[in-house]
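Engineer: Chains as they are written, first to last, in this note's numbering: chain A, 34 to 390; chain B, 34 to 390; chain C, 34 to 390; chain D, 34 to 390.
A few of these clues could be false.
Identical chains blur together in the list; that is why a pair holds if it fits in one copy or across any two.
Below, in silico cross-link-like pairs of lysine-lysine (DSS-like), each with a Cα-Cα straight-line distance of 30 Å or less [as the list claims (entries may be wrong)]:
#1 Lys233 <-> Lys336
#2 Lys213 <-> Lys233
#3 Lys213 <-> Lys336
#4 Lys228 <-> Lys89
#5 Lys228 <-> Lys213
#6 Lys35 <-> Lys233
#7 Lys89 <-> Lys336
#8 Lys89 <-> Lys35
#9 Lys228 <-> Lys35
#10 Lys213 <-> Lys89
#11 Lys213 <-> Lys35
#12 Lys233 <-> Lys89
The hints are simulated quantities; they were obtained by calculation from the structure and are not laboratory data.
Residues per chain, in single letters:
Number of protein chains: 4
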Amino acid sequence: MKSYHADLGAGIDGIVLRERERPAPGPHQILVRVGAVSLNARELSILRGYYPLPIKPDVVLVSDGAGEVVAIGEGVTRTAVGDRVAAAIFPHWVDGPFSTENSAQLGGSLDGMLTEFALLPEDAAVPIPDHLSFEEAATLPCAAVTAWNALCGSVPLLPGQTVLTLGSGGVSVFALQLAKLFGARVIATTSDAEKSERLKALGADNVINYRTTPDWDQAVRDLTHGRGVDCVVEVGGAGTLEKSLRAAALEGHISLVGWLDKDVSTISIGAISATVVRMRRIAVGSRAQFIAMNRAIGLHRLKPVVDRVFPFSNAVDAFRYYRAGGGFGKVVITFDRAPSEPVDGPIKPDQRKGRAM
Amino acid sequence: MKSYHADLGAGIDGIVLRERERPAPGPHQILVRVGAVSLNARELSILRGYYPLPIKPDVVLVSDGAGEVVAIGEGVTRTAVGDRVAAAIFPHWVDGPFSTENSAQLGGSLDGMLTEFALLPEDAAVPIPDHLSFEEAATLPCAAVTAWNALCGSVPLLPGQTVLTLGSGGVSVFALQLAKLFGARVIATTSDAEKSERLKALGADNVINYRTTPDWDQAVRDLTHGRGVDCVVEVGGAGTLEKSLRAAALEGHISLVGWLDKDVSTISIGAISATVVRMRRIAVGSRAQFIAMNRAIGLHRLKPVVDRVFPFSNAVDAFRYYRAGGGFGKVVITFDRAPSEPVDGPIKPDQRKGRAM
Amino acid sequence: MKSYHADLGAGIDGIVLRERERPAPGPHQILVRVGAVSLNARELSILRGYYPLPIKPDVVLVSDGAGEVVAIGEGVTRTAVGDRVAAAIFPHWVDGPFSTENSAQLGGSLDGMLTEFALLPEDAAVPIPDHLSFEEAATLPCAAVTAWNALCGSVPLLPGQTVLTLGSGGVSVFALQLAKLFGARVIATTSDAEKSERLKALGADNVINYRTTPDWDQAVRDLTHGRGVDCVVEVGGAGTLEKSLRAAALEGHISLVGWLDKDVSTISIGAISATVVRMRRIAVGSRAQFIAMNRAIGLHRLKPVVDRVFPFSNAVDAFRYYRAGGGFGKVVITFDRAPSEPVDGPIKPDQRKGRAM
Amino acid sequence: MKSYHADLGAGIDGIVLRERERPAPGPHQILVRVGAVSLNARELSILRGYYPLPIKPDVVLVSDGAGEVVAIGEGVTRTAVGDRVAAAIFPHWVDGPFSTENSAQLGGSLDGMLTEFALLPEDAAVPIPDHLSFEEAATLPCAAVTAWNALCGSVPLLPGQTVLTLGSGGVSVFALQLAKLFGARVIATTSDAEKSERLKALGADNVINYRTTPDWDQAVRDLTHGRGVDCVVEVGGAGTLEKSLRAAALEGHISLVGWLDKDVSTISIGAISATVVRMRRIAVGSRAQFIAMNRAIGLHRLKPVVDRVFPFSNAVDAFRYYRAGGGFGKVVITFDRAPSEPVDGPIKPDQRKGRAM
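Same shape as in the complex, but just chain A:
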């Protein structure tokens, strides 16, 4: 079977395709024929050699994937052959808080999903909603679970509350879509008129163009009659955090997501001390959160937003496309079909801000 491995620190050029023998599941293990995977910022951090957690040498890349269980080992009780499953990025994080005991992760300290057949601990398998293809389900483990955790992992969002999302990356689009399932109002930001329309089509009640409205934090307060928002899904780090703090209501919640790069930026202590807010740094979420989220996605037949699909054979192009940035929703690599559109012409990363490697 074929898998893409990483030469850590070498960037996308360090990705290599290797042939290995298909493994057989041992006790409490399962073997999944992978249908699709999706990419997250962590993949680029790992390739750059910047990731804050330990990475296995020559690791099989990519945390997020979905597929079909094709074999189970002794003692496996929660999953059967034929089940359609996604992999939880932290297979041992069953429930409760994140800890060093449960921080082993797929495509990190453990081999990942960019392989034809993935050998996983039984607990890694989470059933996927019936209405989702593998390409769609593969978008969930990292970005959607992070968004879910941001919305309800500490104090759950209530109907009628207001959420602020930033931009149109994977976590932000899921945060918008999921926040609507909670009955919340969503204010989104973007710098692009077309994306603004897409955000509104996904349910955003208001969209602010942060380029034409540089004081978008004030615009958020105006839209909330001066109160500020109850919840911010903050994915921008130093570039946005001070404004996010000013956009939050008294006792509002700010989830701090991403920011995995070597970042020497700073924020003003005064921006924090002028508030009465809660900030929570999030590490994706537990298997229990993934299962709870899937109940919501299944009930509402929510469809993840897939930006573009690449075939397994062109997986490296998918990484290049993702690194270039500027998409809307998730970048997927499929094992089963041709990409939804050809990757033609060189991608010009210099035209996309902030993702160059």
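Given chain A, put chains B, C and D in place with the hints provided.
Structural biologist: Quick look at chains B, C and D alone, frame taken from chain A:
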């Protein structure tokens, strides 16, 4: 100004209309020209003399009402003349848990809202959503806030979870409507085919006829693949609690609402010990919960279900109609217009079960 | 190696000692040389054939035990040979709520600890505090974790709050000892003057003799200036629940523990409807709760109360002694030493109330 | 009656003593004969003109005070003449989260307690524990309630968990004392050997000298076997926050307290992104938290640490002494007796770091 007072323990026949001078608000008080009130089971308990909390002699009846602020006293800052407000049933229960310090209640230890002009503590006034008439807003203080508290007062309901509601009384219909704003699935019960259709029209995902399906608890488990429901809004007391316990999921929540009558029934201790659930007895909710709920109702333009509207002059008929039971949604008394339909012919309480006085 | 097995439904007379070969740990398994076990009411329910969860035929008895890890299987990372550990009664309940996925239990659907060597899933092993002997640590898994869960599993107990414990069984004595670590005030009940003194010596602020003060619920209210207690660890079922409800403060918490027998008793619905309390049925607790509790026990060098220790060879006497009831603290069976006192003379179960089999 | 007022922005030199007529309480007001007040950093910020919330012109200074109720207005039910009470700094913050509705504060937008007789809203009065003098009780409203909120306002601290406190200011010393009531382990920092002994005498399990151990964050991790602490009461702002972040356990809580000055410092975004922690900015706490804390203080007869007591006539000296910093515990101004020690010689603020005005 005119008000309906109660001769406690004398039932509906003890209701008397009195003329008093219109009061002027003192410091931290407001005067509200009442637009409409709605009735709750507590009114009947009070009239019967069974209510568990102290009642003021010759009390002005009815906790729930909405209207317009027409005068404010010294030091009032949260409300202005002209504001459209509902009254919080426990005016001093601002936030946090219920306590003896905040248990004074309108239409109970304090005068209520079945009066042309109500003199209220400033904190009693809660702004009402713009899209609601006084008749609609008057349905909220007791039944809707109780339903809201049942759904999120302890551990908030999440999208994708399942709620069980019982019948089509005021709290149950609000619990159904509000649970849909939380993104939950709702299973409702009724014994009536027409009501079943109305419950579905309001969003119930499944409706079980508890008469034709006496083992409705098992039907609920079947509808949830054996898991049971995450939340029960239990309004039936001894008649339903054992089945509600069996219908609840492991670690599910059961909110215990109502049951205000002299009740000598019992439930089996074994029905509790066979579960791993949480039960919470609810006393309506705080002003903060009322305000949070109104944000949700306003955002979603949710419309309360009004069963029937009576004019102030025929208020006693409203009590008789409500006591007879069998309606769907809330019974309202308005100050401003004729009833939506004539009250013709004697109401036959003997034909309606369980509400005879 | 020797183990005690159960002939289910045959009571204590159905206990048999069998010799089996010592197993070797497979992947993610560990082998523990058991040092001591302790008994809980569940053991008697299982022997009687009344237990509400499935029991493995010919099960090795007893959920609670502690010992030393003597071998580990492939892939075991959390535990090393030589570690002193206790077994978590639900080895798969790592954290979060109880569920069907994590309800397999030692001495129930899985073999238990009344054996010289126990083969356990890796997750079952919880490190024990250094200051505890195996006899002491063996008392923790069921009774102490249940008490811990009762005190902080939902809304944590705060210093200055008041807890009510009932009697001097295993859970109640741990609830008293642990509640003092939370800085709470403890009111305990007993019917025995000598036990009253022991409860006070363990930190009880007040002890009520429920025999001489049959209205002990009123006595509890008097001791709390009419407020009632913030938390009840309710182990008495139908015999005490109505009074516990009356002893609880508004918004107080009542943890419902035990009551595993075939119980046809009832409680009055009116006793519930007259309150505004939360009741929570508890199924011991998770591995995470066990670990958190051990941190508290270790920091404060809390010593469990061991009522009496029997040698492994006389294990059946331990069951008889425990069934007879009337002890104070936990009954332990040790593998390592003679009992602390001889078991001389027949135990007279008819002198001990409520535990006859 | 005499009161000290502030000429805002003029610093301590702007404090003036004025004579006014003693007011009479109106409806829902009480009059308190003040026994003592205590000083907090907010007082210095207000005098400097830097405070982030609105300040009443010519405000009577100081939020924290305790005394005896000498008169009550119409409708007052919670307090009686003769009651010994402290004032809640936010009199309208009864319970629940902080909000613009409840942010009026004593010695800020409302007149404060540095007066012979304080006219207060009824809700401002919180009964004080019997074992405390007015001088001791006057230390509680701001510093102790902030510490209590830091320890249990979000997720309550549990016995066996570890708390980190910084230095020996008012909040930090209360955090240490209160954390011991929660059964927690406390690691404290200081730069002074004598203070180290005093911190240990108050219950600190470990004290780190941050001057001789500049990598005190690493020392904290070493003392917790690499885990880090569960809770940090962070009072140092930019000077300590990065280290506090590194000293916190995964999913640990950091309460952000104080930092009220014009602060242009920054912290590294990387210091946040390298963690999985929760940070919460705290604005003292609610009346309900004050009452709950007093139950704990009363049960355990906890004694606040009073650094020094000044007479009302020398109140300005108290401000100077407090501004100079370097004390241990709270600075108190009493109405009833001479200071515990003379204020002799000029205070040299240049010798004390970080508090010069």
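Engineer: Evaluate lysine 228 and lysine 89 at a C-alpha cut-off of 30 Å and name the case that applies: within, between, both or neither.
Structural biologist: neither (37 Å within a copy, 47 Å between copies)
Engineer: At most 30 Å between alpha carbons: which applies to lysine 89 and lysine 35, within, between, both or neither?
Structural biologist: Within one copy only: 18 Å inside a chain, 43 Å across chains, cut-off 30 Å.
Engineer: Regarding lysine 213 and lysine 89, is the shortest C-alpha distance of 30 Å or less found within a copy, between copies, in both, or in neither?
Structural biologist: Intra 38 Å, inter 42 Å, cutoff 30 Å: neither.
Engineer: Taking 30 Å as the upper bound on the Cα-Cα distance, should lysine 233 and lysine 89 be classified as within, between, both, or neither?
Structural biologist: Neither way: lysine 233 and lysine 89 sit 41 Å apart in one copy and 44 Å across, limit 30 Å.
Engineer: For the identical chains here, do lysine 213 and lysine 35 meet the 30 Å Cα criterion within one copy, between copies, both, or neither?
Structural biologist: Answer is neither; intra-copy 40 Å and inter-copy 46 Å both fail.
Engineer: At most 30 Å between C-alpha atoms: does lysine 213 with lysine 336 qualify within a copy, between copies, both, or neither?
Structural biologist: Intra 13 Å, inter 19 Å, cutoff 30 Å: intra and inter.
Engineer: Can you give me the call for lysine 233 and lysine 336, within, between, both or neither, at a CA distance of at most 30 Å?
Structural biologist: both (15 Å within a copy, 25 Å between copies)
Engineer: Between the shortest in-copy and the shortest cross-copy C-alpha distance, which are at most 30 Å for lysine 89 and lysine 336: within, between, both, or neither?
Structural biologist: neither (33 Å within a copy, 44 Å between copies)
Engineer: Regarding lysine 213 and lysine 233, is the shortest C-alpha distance of 30 Å or less found within a copy, between copies, in both, or in neither?
Structural biologist: both (12 Å within a copy, 22 Å between copies)
Engineer: With identical chains treated as interchangeable, where does the CA-CA distance between lysine 35 and lysine 233 reach 30 Å or less: within a copy, between copies, both, or neither?
Structural biologist: neither (41 Å within a copy, 51 Å between copies)
Engineer: Checking lysine 228 and lysine 213: alpha-carbon separation at most 30 Å within a copy, between copies, both or neither?
Structural biologist: both (18 Å within a copy, 29 Å between copies)
Engineer: Is the C-alpha distance from lysine 228 to lysine 35 at most 30 Å within one copy, between copies, in both cases, or in neither?
Structural biologist: Answer is neither: 36 Å inside a copy and 59 Å across each miss the 30 Å cutoff.
Checked against the numbered hints above, the structure violates hints 4, 6, 7, 9, 10, 11, 12; every other hint is satisfied.
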